[in-house]
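Please model the complete structure; the sequences and the hints are all you need to start from.
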Amino acid sequence: MRFVPAEGMYVINAITSSAGTTLPVDIPSEYRALKWDGERCTGQWMRKPQSEINVLHRYVISRTSRTLDYDAFRDMVPGVSDPGKHSGLLITHDPDLSPEAVQAGVHEFAGWNVERGGVSPIRIEVEPKVVGLLQLAGQWPIEQLAATSVMVVGCGSIGSATAEALAGYGVGRVLLIDPDRFLWHNMLRHTLGPESVGRRKVHALRDHLKSQWPLQNVEALPIDVVSQAHLVRPLMEDVNLVICAADGIAPRRVVSHLARQAGQPAILACVLDNGSIGELLRLRPTPRFGCLLCFRAHLDASGAMDAEADQELDYGTGRVHQPMTAVPPDLRLMGTLAAKAAVATLLESLYGDHTQALPGEHAVIGLRPGGDLFPPFDAKAAAGISWASIPEPRENCPSCGAA
8 MRFVPAEGMY VINAITSSAG TTLPVDIPSE YRALKWDGER CTGQWMRKPQ
58 SEINVLHRYV ISRTSRTLDY DAFRDMVPGV SDPGKHSGLL ITHDPDLSPE
108 AVQAGVHEFA GWNVERGGVS PIRIEVEPKV VGLLQLAGQW PIEQLAATSV
158 MVVGCGSIGS ATAEALAGYG VGRVLLIDPD RFLWHNMLRH TLGPESVGRR
208 KVHALRDHLK SQWPLQNVEA LPIDVVSQAH LVRPLMEDVN LVICAADGIA
258 PRRVVSHLAR QAGQPAILAC VLDNGSIGEL LRLRPTPRFG CLLCFRAHLD
308 ASGAMDAEAD QELDYGTGRV HQPMTAVPPD LRLMGTLAAK AAVATLLESL
358 YGDHTQALPG EHAVIGLRPG GDLFPPFDAK AAAGISWASI PEPRENCPSC
408 GAA
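If you count the sequence shown from 1, position 173 lands on 180 in this note's numbering, and the numbers rise without skipping.
Please note that the accuracy of each hint is not assured.
What follows is a list of derived Cβ distance ranges for each label pair [what the hints assert, rightly or not]:
hint	residue 1	residue 2	range
1	Thr71	Val204	47 to 57 Å
2	Glu14	Gly139	17 to 27 Å
3	Gly367	Leu104	43 to 53 Å
4	Gly175	Ser396	43 to 53 Å
5	Arg47	Leu365	55 to 65 Å
In silico DSBU-like links for lysine-lysine, alpha-carbon gap of 35 Å or less [said to hold, decoys possible]:
hint	residue 1	residue 2
6	Lys347	Lys387
7	Lys55	Lys42
8	Lys92	Lys217
9	Lys42	Lys136
10	Lys136	Lys347
11	Lys55	Lys136
12	Lys55	Lys92
13	Lys217	Lys136
14	Lys92	Lys42
15	Lys217	Lys42
These aren't lab readings, by the way, just hints derived from the structure by calculation. Since we're looking at a predicted model, the values are computed, not measured. Using N, Cα and C, we set each Cβ at its ideal position, and we do this for glycine too.
This is the structure in structure tokens:
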């Protein structure tokens, strides 16, 4: 074993059998803390030395007084090494626990700190056979979401949080679209850190996601959704949904139009009014709901804020940069909500899971609300979310009419 004083933990790196054969423990490179160097020491392990020893461990570790008499413990566990003036580590292994014992919290492996002055239980953690999203099998539709594909346009502060959340939900394939580089001013509000400065956002974010979610298929394309719309349009044929987290009027309008033409649902996420409110808009290619411009025309007719003009900022370009207004956790919240709306839409539309039905198509989220905007942007409370529907397509709409 190695003892790591800074963390107060022992890490087993080899096991010797009763026949004297020593087997090294292969610790994967991604578990970097478990590979830290430390003081070399040895311990003892025994397979089921007494039928109820691990049950006793569960009972004692839950008590206020956790020390057992040393001589009594030696009587229960014949063969335990005498620690002398020091302390020894013993692991007892019981592979035959009853289902009732497991349900009660008894573990297959139990640890003991053995001293002549008393024996106390310690916790042993063993890597489970199944880790990652598969641990949610039976509780979350892992297989269904693994078969889905989502395009994320815009990999800045909101888009990067969206991509992370999609991975956490189990979306099998994510296609990242963004031409920009990750620069110094991005660090404050992005999921990436200083190690990625200078890289294309899509490439750095792809590598970041793959390190955290190795089973996910992440593709990165450093292209511009506006000037290279002809390249993006056919890519939409191979996804189930499009999310736009890009800044500015043009990218959002292009995504709205292209997704409508491709017959794909789209989620548009942004912050408005200098980060005081967030907006989530779901666009579905059906006769019931119009596109982005149909919705904005409806709002304009009612005297609401021109949300698209509010988007036309230099924020995120790395050129003439706007003052930092939106708070980093608020942007992450919007990214997570965009991913949740996307996953809910996929589960409802593809698999008929009506428990994932959203309350509406348009959501306004209070972040730092002043309450001084015209409806529907008149959020009154922080963290408040108001949902509403959106109108049908306008007559002769170039996006909806040609779909």
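Okay, the hints, checked on the actual structure:
1. Thr71 to Val204: 47 to 57 Å: holds, 51 Å
2. Glu14 to Gly139: 17 to 27 Å: Because 23 Å falls inside the window, the suggested range holds.
3. Gly367 to Leu104: 43 to 53 Å: holds, 50 Å
4. Gly175 to Ser396: 43 to 53 Å: Given a distance of about 29 Å, which is not inside 43 to 53 Å, the answer is violated.
5. Arg47 to Leu365: 55 to 65 Å: holds, 57 Å
6. Lys347 to Lys387: holds, 23 Å
7. Lys55 to Lys42: OK: Lys55 and Lys42 at ~29 Å, within 35 Å.
8. Lys92 to Lys217: Between Lys92 and Lys217 the Cα gap is close to 49 Å, so the pair fails against 35 Å, i.e. violated.
9. Lys42 to Lys136: Cα-Cα ~20 Å, so holds.
10. Lys136 to Lys347: holds, 29 Å
11. Lys55 to Lys136: With a Cα-Cα distance of about 21 Å, the restraint between Lys55 and Lys136 holds, given a limit of 35 Å.
12. Lys55 to Lys92: holds, 26 Å
13. Lys217 to Lys136: Distance of about 21 Å is within 35 Å: holds.
14. Lys92 to Lys42: Measuring from Cα to Cα gives roughly 29 Å; hence the hint holds.
15. Lys217 to Lys42: holds, 21 Å
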